[in-house]
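Peer 1: The chain contents come next:
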Amino acid sequence: MTKLVYFAWVRERIGVPEEEVALPPEIETVHDLLRWLKGRGEEYAFALAHEDVIRVALDREHTDHDAKLAGAREVALFPPMTGG
Amino acid sequence: MSEHVPPSIRIQKEDFDAAREAERLTRGRRDVGAVVTFIGLCRDEHGTLAALELEHYPGMAEAEISRIAAEAMARWPLGGLTIIHRHGMVRPGENIVLVVAASRHRHAAFEAASFVMDFLKTEAPFWKKQHLTDGTNGGWVEAKESDAEMLGRWTREN
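Chains A and B, in that order, give the protein sequences.
Position 63 (the first sequence) corresponds to 63 in the working numbering; numbering is contiguous.
Position 102 (the second sequence) corresponds to 102 in the working numbering; numbering is contiguous.
Derived from the structure by calculation, the hints contain no laboratory data.
Model, not experiment: these values are computed from the prediction.
All residues carry an ideal CB built from backbone N, CA and C; glycine is no exception.
A portion of the hints provided could be inaccurate.
Claimed, not checked - Below, a list of computed lysine-lysine pairs in the DSSO-like style, where the Cα atoms sit at most 27 angstroms apart:
no., chain 1, residue 1, chain 2, residue 2
1, A, K68, B, K129
2, B, K13, A, K38
3, A, K3, B, K128
Said to hold, decoys possible - Derived Cβ-Cβ restraints for the label pairs, each shown as a range:
no., chain 1, residue 1, chain 2, residue 2, range
4, B, G88, A, E74, 20 to 28 angstroms
5, B, H105, A, A45, 49 to 57 angstroms
6, B, T136, A, H65, 28 to 36 angstroms
Isolated chain A (complex conformation) (with noise of 0.2 angstroms):
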């Protein structure tokens, strides 16, 4: 199981600040994991419909798209930050 985790408005576009999902195993990298989720339902492909946009991490650290999910435990997505 994955842990996928969300901040901002993907977390408030999608409706929940994270769930366990099972990935199938195709699913090899964040631009994959990015496009399943898409298919998951309106709300996901809201919250995801400017791809490029959003910001991931892996296990708490940043990543880009073409990055292998490589057994990752925890995914983030996010837009991005706005700190400071």
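Add chain B to chain A, keeping to what the hints say.
Peer 2: Same frame as chain A, now just chain B:
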């Protein structure tokens, strides 16, 4: 610096006291010649903003800020570095973020504080939601292109 002090990183709901934090970095020391304190505050946006709601990614926020702090410590000879970032509701006039950098000379302290803020804004997982004075939800603050561009000035050297 003669004394190596590990950076102090705190992510907290409570306010902080900048003067006290600066004092903590110099107390009992004779090798610190410069302390730069940066405080980021919540603006009222010409009276339209009632509060900012700061969301963060617990665990990763600490990890990212620690990574940025370690990089600053490696780049400049710092005698101390404190970074505090608040989360939760912050109202206009209240503190959001604090960076205190201590060094032997001013240049390292100024540069390190600036470096930390530039990376913190674009790499530390925090998001701001606006609550407006008319009671409506002002939506999420959008990331500024100019913030990402600021990082470019730190990549030349090193």
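Peer 1: Are the hints correct? Go through all of them and say.
Peer 2: We went through each hint and held it up to the structure:
Taking the CA atoms of A/K68 and B/K129, the gap is about 31 angstroms. The hint is violated against a cut of 27 angstroms. For the hint pairing B/K13 with A/K38, the CA-to-CA distance comes to about 34 angstroms; that exceeds 27 angstroms, so the pair is violated. Between the alpha carbons of A/K3 and B/K128 the distance comes to roughly 24 angstroms, so the proposed pair stays at or under 27 angstroms and holds. For the pair B/G88 and A/E74, the supplied restraint of 20 to 28 angstroms holds, since their beta-carbon distance comes to about 23 angstroms.
Hint check: B/H105 to A/A45, Cβ distance near 54 angstroms, so the stated range 49 to 57 angstroms holds. Look at B/T136 against A/H65: about 34 angstroms separates their beta carbons, and that is inside 28 to 36 angstroms.
This entry does not satisfy hints 1 and 2, going by the numbered hints stated previously.
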